[in-house]
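Undergrad: Hey, can you work out the whole structure from these sequences and the hints?
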Amino acid sequence: LSGNLAATLNLDGGLETFCHGANRLFGADRTAVWMHDRRARSLVLHASSDPGATMRDSRVSVDDPTAPAAVAMRRARAEIVQAKSDSPTSVVAIPLRGWRRALGTLVFEEVRVEAGGELDLLDRVDELGRQLSAAIENMQLLDDVMRSRRELENTFYSIAHLVVVYDRRGRIVHANEAFASRLKQT
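The sequence shown lines up with residues 3 to 188 when you count with my numbering.
Any given hint could turn out to be false.
Here are the in silico distance ranges between beta carbons for each label pair [as the list claims (entries may be wrong)]:
(1) Leu27 with Asn140: 17 to 23 angstroms
(2) Gly100 with Val175: 30 to 36 angstroms
(3) Arg79 with His163: 55 to 61 angstroms
(4) Ile82 with Met148: 34 to 40 angstroms
(5) Thr188 with Met148: 20 to 26 angstroms
(6) Asp14 with Ala162: 34 to 40 angstroms
(7) Asp122 with Arg76: 21 to 27 angstroms
Keep in mind the hints are simulated off the structure, nothing from the lab.
Heads up, the beta-carbon is just placed ideally off N, CA and C, and yes, glycines get one too.
TA: Here you go:
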């Protein structure tokens, strides 16, 4: 699942696909990915397997003690939260942790947990959370690198002086607009 996420190069679209696959893998009715917005101190819904979810970009405070996503983000491991005492389904909330900070939370809703299989389920979702966290962090890093490269290229092309970059053999590998227009080349 995380390999498919990295192959899309679109975090939100990849997370939507991920949620649908995770539903089938863990027998959940709904899966949601909540991403941490550090500045706003909230969790933002980025993806859900629920096709009728009109909650896109809905927010939950990271301090909300009633929201499973917010509570799970502060935990070290996944946890199973019983929805209701008479309900056969549960909510499984998995913290998504990067190398330096919390990334968000993965929440499975209405999961049917077999008696005695709780620890096995928690181990599997913890591993899934680690893999998803690594994929998200890699996608965010790649996005930052690409944005920095675009900013550098924009700066390079906006320089009024003639600028040319050549390799060790003396071949031109990059030139700015001022240099190209002086030579009347593209």
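Undergrad: Give a verdict on every hint.
TA: Okay, the hints, checked on the actual structure:
Checked against the given bound of 17 to 23 angstroms, the beta carbons of Leu27 and Asn140, roughly 21 angstroms apart, stay inside it. At roughly 35 angstroms, the beta carbons of Gly100 and Val175 sit within the given window of 30 to 36 angstroms. With their beta carbons about 56 angstroms apart, Arg79 and His163 fall inside the hinted range of 55 to 61 angstroms. The hint said 34 to 40 angstroms for the Cβ distance between Ile82 and Met148, and at roughly 38 angstroms that hint holds.
Against the hinted window of 20 to 26 angstroms, the Cβ-Cβ separation of Thr188 and Met148 comes to about 23 angstroms, which satisfies the hint. For the hinted restraint 34 to 40 angstroms between Asp14 and Ala162, the CB-CB distance of approximately 39 angstroms keeps it satisfied. Look at Asp122 against Arg76: about 24 angstroms separates their beta carbons, and that is inside 21 to 27 angstroms.
The structure fails none of the hints (numbered hints given earlier).
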